[in-house]
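Could you put together the complete structure from these sequences and hints?
Going down the list, the protein sequences come from chains A and B.
Following the working numbering, the numbering of the first sequence begins with 1 at its first residue and continues without gaps.
Following the working numbering, the numbering of the second sequence begins with 1001 at its first residue and continues without gaps.
Just so you know, the hints here were simulated from the structure itself, not pulled from any lab data.
There may be inaccurate statements among the hints.
[Stated by the list, open to error] Simulated coverage check for chain A against chain B, where a stretch passes if three residues somewhere in it have a Cβ under 8 Å from a Cβ of chain B:
#, stretch
1, 45-56
2, 105-118
3, 222-231
4, 234-243
Don't be surprised by glycine CBs; every beta carbon is placed ideally from N, CA and C.
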Amino acid sequence: MAGTALPGRLKWWSGDVTQIVRETPTASSLILNVPGWLGHRAGQHVDVRLTAEDGYQAVRSYSIASAPADEQLMLTIERLDDGEVSPYLVDDVRPGDPLEFLGPIGGYFVWEEEMGGPLLLIAGGSGVVPLRAMARQRALTGSDVPTRFLYSARTADALIYRSELNALAASDTHFQLVYTLTRSQPPGWTGYARRVDADMLREVAWSPEDNPAIYLCGPTPFVEAVSEQLVALGHNPTRIRIERFGPTGV
Amino acid sequence: MTNIISRGFRGRRQSPEEARRLPPGQYLTERFPVLSAGPTPHTPLTAWDFSVVAPNGRSKQWNWQEFQTLPRETITTDIHCVTRWSKFDTVWEGVSLDTLLAGFVEDGQFIMAFCDGGYTTNLPIADVIGGKTWIADTYDGQPLEAEHGGPARLLVPHLYFWKSAKWVRGLRLLTRDEPGFWENYGYHMYGDPWREQRYQGD
Ligand SMILES: Cc1cc2nc3c(=O)[nH]c(=O)nc-3n(C[C@H](O)[C@H](O)[C@H](O)COP(=O)(O)OP(=O)(O)OC[C@H]3O[C@@H](n4cnc5c(N)ncnc54)[C@H](O)[C@@H]3O)c2cc1C
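Structure, rendered in structure tokens:
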């Protein structure tokens, strides 16, 4: 596979937050105006750097939520209550604030139409962020790659981009959207109501013979469990691209 | 570029001792950093072996039993992941690359570690000999879990942890440096955390 770094593009950028969208009770999207931004590929991330008055800095990675074809860069951050960086980004940042970040980073967990289809996107929690960029890019570029999007969250409230994803699915017969809610379900819920398991994947994940390009993103225990099941079902490990958002146990 | 102050950001400070042990841009975690690009392979010990291969094809191989008879060392070390996690005082057991590369160090200037799952990473020979690197098969006194690279992984604590290739199955000696997996995707060829060599061009 070709080297995919974009020399010259990976550097520290500064952008102003132009808009903040509250996505769920615990997640916000920051929309940024970044002068000179040279673009990215769907699935890449940036390293956001916060600097305190005395020069102390903290850096964390955040996937780019916007599609390359979007005009403005967007990040979506889920707040971890005891976190150093995410509570600040979700609760303290205001429109007009500048934000520094390094990017765009990553060349493996990226989707482009040439990857071949069909496409399978599997998200756990905030792992939906880079997959939203892929789904959006696919829609904005008029790609008709048959796509299935499986999104697992704890509750309906916790689903990020829900109405946007629903609209995508409603307007495109080649885009199938499947939710599973693992903790509680609202009355009349028609999606799945359990953790992703082999039966669910057998129903949703295409057949291994279709050789889907698979993108899997979320907390480490989630992606470990799902990828093990995909491999056990016969999916080609080299077609499974994984982004792990968090640590494992102690 | 001068840093922009993040209004109202305080952050979580480390103690001065911790700060001294943390390379630039890293933060301390009690958890275990995980960075890998694909599914976790599960190679049974009966199918496992470890090879060293010279450019002219000369090679040496150990199966799991043979590997277990090699001299072992216990290593306590800090580790630094390019995703910015650092973890202090991790405890491993393994076989020094000095032992495994004996008779091969003149055969190349670089090595390419190769692994189950197709992962590779490149290192200068000078960096892996001299008691600095190991093939580790226990972590914290337990057999190394597959998720963390078991049955065995490379342990190169002085470089970013992607160089400590998980599921390692052997070392190919190279006469010229070549990029491995992450290096092909824009990560640094060498990866010194103290010089913050994360990405190409750093
Ligand atoms: C490539 C990449 C892309 C990412 N993209 C996104 C994104 O788009 N949106 C997003 O919200 N986050 C994303 N993350 C996670 C993000 O980088 C931070 O880890 C997260 O925001 C927590 O940072 P913090 O400073 O708030 O918490 P910390 O102070 O780092 O940690 C606080 C506590 O939470 C635990 N913890 C840290 N991260 C997680 C996690 N993900 N899940 C569960 N527990 C955790 C820590 O072990 C610690 O106990 C991404 C991570 C990576 C590696």
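Among all the numbered hints in the text so far, which are the ones the structure does not match?
-> Result: no hint breaks.
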